[in-house]
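Just need the whole structure built from these sequences, with the hints factored in.
Protein chains in written order, with my numbering: chain Z, 1 to 305; chain E, 1 to 274.
FYI, nobody ran anything at the bench for these hints, they're computed from the structure. In this text the structure is predicted, and so the values were computed from the model without any measurement. Keep in mind that a hint or two might mislead.
No more than 20 Å apart at the CA atoms, straight line, and that leaves these computed lysine to aspartate or glutamate pairs for EDC-like [what the hints assert, rightly or not]: (1) E:Lys184 - E:Glu169; (2) Z:Lys169 - Z:Asp142; (3) E:Lys184 - E:Glu161; (4) Z:Lys219 - Z:Asp209; (5) E:Lys273 - Z:Asp199; (6) E:Lys240 - Z:Asp142.
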Amino acid sequence: MTSETVDRVLDTPVHRHRMPDRNFRLWLVFPAVLLLLLIGLFPLIYSLVISFQNLTMLDQDTSFHGLMNYAQLFRDRRLWEAILHTLLITAVALPLELVLGLVMAQLFLDHMPGRQLFIALIVLPTIISPIVAGATWRLMFDQRYGPVNQIISWLTGQQQVLLWTVNPKLVYPAILICEIWQWTPFMFLILLAALSHVDRSQLEAAELDGARFPRIFFKIVLPAIWPVMAIAILIRGVDLVRIFDVIWALTGGGPGTMTETISIYTYIQGFQQFESSYTAAIAFLIVALMSIVVTWAIRRMGLAR
Amino acid sequence: MNARRRLALPLRYAAAIAFTLFFIFPVYWLFIISFKTPAEIFSYPPVWYPKSIQFANYWVLFKDGDAFTVWNSLVLASISTLIAMVLGTMCAYSLVRFRTGGENLAVWIISQRLMPPIAIIFPIFLLYVWLGWVDTYHGLIILYTAFSLPYVIWMMRGYIEEVPIELEESALVDGCTRWEVLWKVVFPMVRAGLFATAVFTFVFAWNDFIFALVLTRTEVITYTVQVTHYFGGQSNFWAKIAAMSVLGTVPIFLAVATMQRFLVRGISMGAVKG
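What follows is the structure in structure tokens.
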């Protein structure tokens, strides 16, 4: 065979495309990975660089300041309180959404007339923008013209003027009600789907054996829905840790700094106090912490397989 | 199950109605305020339903040009969704068919979806100031695209895995190039998944607040930022808050309604295949 014929044979479509085409597969991922690096890796490196400097709005001081900003992190009471607030909201809202969602999923699991309509209506809060959810509850909680105080007045039989977004005792309940209202339907939908995939014959067999509901639930149902439930918890968990919109709309972090979360506090430092270098240090801390937790969780759950 | 059987239908029905009321009433309240007259909004005790439906609150938004922010949301969300779908599906195809980057690349990509926006928005803001991209369409479109990509890649990975590889092989034998296989075989096969993923990607970009808050000033303000402009220290512009919120909410209700079949798969990031 002359080299010309070899070329011609290899050039036939089948041969050309049967060969492992390394460049093709890399071209496919290239644009996406480039963009992800731009928003994933660039901010990380840039935060790290300026966190060692002392940039503020007034002072473009780019000299090396070592770990000054990181030392400040540990002395910053307001930051640790914000972290505490964030964890508190997560620790209360997440289990409540999960349990309430599970109860509702169990309720709607069997057929009942109008089931589809009920589900379609319940799902609406989850689709709307969190900032609109916050705005809606701001209208709901208004001390004079809002329906919440009106309903409480009816129930208690005397006029109530509760300052939901100002009173230190009520701001957290207000935020939690809004958050639970918006995201319980999310848990509900996912758990409903998971529950309806549970093997019916297993449940019936257990019932014939005389097993009671709690026992069936913990021994059969829970293990069956756990993989899906774990992912729902992960998604909601990371969403709750970065909670911003609802609090921004309802309290703006107030009264004082009482409801500041990590996101609200970082925003205030960066965009209202213009502490550029310090904000970068906070951002770097958050990314580092979240990367560890999230990567661990993903690998642990085998999400990427 | 025993416990469920013991809950007789009327009791389950009462519980179902109670739950539904709790979740739907605030949405009802938001919508109804947008149709009320100022006298009805600021009446005590509250008016539970308006005497007549009037559109003055919406008319004001259009007259003052505030409704333009909904158009901004539409432009930003549509274009970023389109780009993210194309780039994300290509990437997902490579991850599935060629195992590009192995598990490490997949983990890294999905972990980007779980990053808190606040952690990246500050350095991005400084970068955008330097580039002169603040308050521009392309600045936000690039950011939304990048932020949507992990979700698109993740979802499309699941849909592409369901395409039988034999189809692609026979197309190759028939003389298609690899790009033609992707375009003529894979894309049509995952069409439903493409649409469903696009709807949810669109909704995420549409619902964004924090990126738009930081990166817009006057020109490309989205409706979510505009809603917060009506909050006042002492008095809120209730009618405007409600009307603007409804303007921004109706489109996504309609979008999701068309994709109801894929709702669970979409919000669970593919954990539930339905």
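These are the hints, each one checked on the structure:
About 13 Å separates the Cα atoms of E:Lys184 and E:Glu169, which keeps this hinted pair within 20 Å; it holds. About 16 Å separates the Cα atoms of Z:Lys169 and Z:Asp142, which keeps this hinted pair within 20 Å; it holds. With a C-alpha separation of about 17 Å, the suggested pairing of E:Lys184 with E:Glu161 holds against the 20 Å cut-off. A hinted pair counts as satisfied when its Cα atoms are at most 20 Å apart, and Z:Lys219 with Z:Asp209 qualifies at roughly 13 Å.
With a C-alpha separation of about 16 Å, the suggested pair E:Lys273 and Z:Asp199 falls inside the 20 Å cut-off, and the hint holds. Between E:Lys240 and Z:Asp142 the alpha-carbon distance is near 16 Å, which keeps this suggested pair within the 20 Å criterion.
No hint from the list above goes unmet by this structure.
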